[in-house]
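Okay, here's what each chain looks like letter by letter:
2 protein chains.
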Amino acid sequence: MTERSETRSAGDPADGRVRIRGWFESLRDRLCEAFEALERCYAGPDAAASKPGCFVRKAWQRPGGGGGVMAIMRGRVFEKVGVNVSTVWGEFSPEFARQIPGAEEDPRFWASGISLVAHPRSPRVPPAHMNTRHIRTTRAWFGGGADLNPIYPLEEDTRDFHDRLRRACDAFDPEWYPRFKKWADEYFFIPHRNEPRGVGGIFYDYLEEEFERGFAFTRAVGEAFLDIYPGLVARRMNDPWSDAERAHQLERRGRYVEFNLLYDRGTRFGLMTGGNPEAVLMSLPPLVAWP
Amino acid sequence: MTERSETRSAGDPADGRVRIRGWFESLRDRLCEAFEALERCYAGPDAAASKPGCFVRKAWQRPGGGGGVMAIMRGRVFEKVGVNVSTVWGEFSPEFARQIPGAEEDPRFWASGISLVAHPRSPRVPPAHMNTRHIRTTRAWFGGGADLNPIYPLEEDTRDFHDRLRRACDAFDPEWYPRFKKWADEYFFIPHRNEPRGVGGIFYDYLEEEFERGFAFTRAVGEAFLDIYPGLVARRMNDPWSDAERAHQLERRGRYVEFNLLYDRGTRFGLMTGGNPEAVLMSLPPLVAWP
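Chains as they are written, first to last, in my numbering: chain A, 1 to 291; chain B, 1 to 291.
In isolation and in its complexed conformation, chain A is listed as follows (with noise of 0.2 Å):
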């Protein structure tokens, strides 16, 4: 069995887990630098009346074991962007334990994951989503995905996006980025609307690979968003928009809220597990419309 509590190897700095952890929160830090970044580089609408926005960070602690860091940034490209870190353990509830893989016989888990949600201020920049994790319980494996949520596609930005995706994928398997960008057309995809919430990206789970090696792809996932989402928005971001525009994107976020409250796993099991609702919720976008 995997040694799954966290005090046990905390002192250890050659454990996975303290390994995929420092990871995520090095990911993070270099993450809000770009975006901070974006930020200070900004020069369109109101950008003389405007101040380059900053990261807040603001950590919370979890009950049962663990906890995690909110970073949020309520700039002038990004009306809001949130990125979360958490690191959490402790045993499942025997309603919970019994759907998840390897905690039927015993309910501890270890999950470590980073969380990126950004809502740009402007139409006409994409707004994306990014999340990578880890998780052991009796079983140990990876999940997470990546996609590009635009308000008014661009071929040159899907292709771009999707391009870089598929090359961090290829290096480890070149079945991976068919399986997991139809895995992600599958998973983000809103029944009632008959609609997909974006563009499409990646989406995988329950990967049970060797350590190193799903580590070094959960890597290469956050690598390659770090590489590409950055560009998209410096892209578009000093274009002008309308206030047709505007409200088309207020109207295109509510769908994003239909999504993730309604379908999208990771949501609805943080709440519904007692998660700090604050950082579950801070995916969702700063003002949204149905007219």
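Think of the hints as simulated: they come from the structure by calculation, not from any bench.
Don't take every hint at face value.
Simulated coverage check for chain B against chain A, where a stretch passes if three residues somewhere in it have a Cβ under 8 Å from a Cβ of chain A [as the list claims (entries may be wrong)]:
(1) 250-263
(2) 276-287
Label pairs and their in silico Cβ distance ranges [claimed, not checked]:
(3) A:R179 <-> B:S50: 47 to 57 Å
(4) A:M272 <-> B:P52: 41 to 51 Å
(5) A:E33 <-> B:V69: 47 to 57 Å
(6) A:D29 <-> B:E186: 36 to 46 Å
(7) A:P191 <-> B:W60: 13 to 23 Å
Backbone N, C-alpha and C define an ideal beta-carbon position, used for all residues, glycine too.
Got chain A sorted already, so can you dock chain B onto it with the hints?
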């Protein structure tokens, strides 16, 4: 077994289904008239520069049988208010039939109801919800409820709203108001926030009364709402409000969205069973913030 084929009795005005459906439609007409009258009487902020709103109606068909009419107004007192009347019939899917009383052995059903959600523009005017319905499978029952969701709760409004609902209940059974009030307190609750969604009201379901008595109670709940809510709106609608109050209103509306998409039975039921998403989601507020 109750007769459930709409066509068999559609021409018989004495059939309970024809009568209750007709009553829902007439209640809708009276509610719309009362709200349009408030729009005309409005004398608050921007009254001189704005025009009174009018309801727009839109019919929709349900592929499996029946349909409804959405009535929606985007006005100056009511930023968005919707009144839906729908009458639907057909067969529940096998999975759903198992969850519905009396549908286990025969999946056919008939259902008619009215549903109202009001989102006033002023943060000082309380949003409200009301719905009543009659459902027939091999069994037959009544359900419904009404609750008030003030941004800034005022004891006077809460007391008057509850008093009027209590009077409606007391005429039938002195135990109903305490029971249905408690049910509302439990139902209109947001577990992940550990807070009520408003100041309550009544909620009831699976009320298997004899038809005439159940129909009379359904009418009494509708009459009570029509009697009390427009008056509560009129009380505060001409008051000015501040930007801070408006910002707080948009944030509180987020709680309403969270409740409806995460927990509300009718919303989830409607969306998961192929209901008209436009009608089901008419309840969502026009503009919402998760700052």
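Evaluation of the provided hints:
For the region 250-263 of chain B, the stated coverage by chain A holds: 6 residues have a C-beta nearer than 8 Å to a C-beta of that chain, and at least 3 were required. Residues of the region 276-287 of chain B with a Cβ under 8 Å from some Cβ of chain A number 7, which satisfies the need for three, so the listed coverage holds. Checked against the hint of 47 to 57 Å, the pair R179 of chain A and S50 of chain B passes, with Cβ atoms roughly 55 Å apart. The supplied range of 41 to 51 Å is met by M272 of chain A and P52 of chain B, whose beta-carbon atoms lie about 44 Å from each other.
Taking the beta carbon of each, E33 of chain A and V69 of chain B are about 54 Å apart, inside 47 to 57 Å as hinted. Taking the beta carbon of each, D29 of chain A and E186 of chain B are about 44 Å apart, inside 36 to 46 Å as hinted. Look at P191 of chain A against W60 of chain B: about 18 Å separates their beta carbons, and that is inside 13 to 23 Å.
Checked against the numbered hints listed earlier, the structure breaks none of them; every hint is satisfied.
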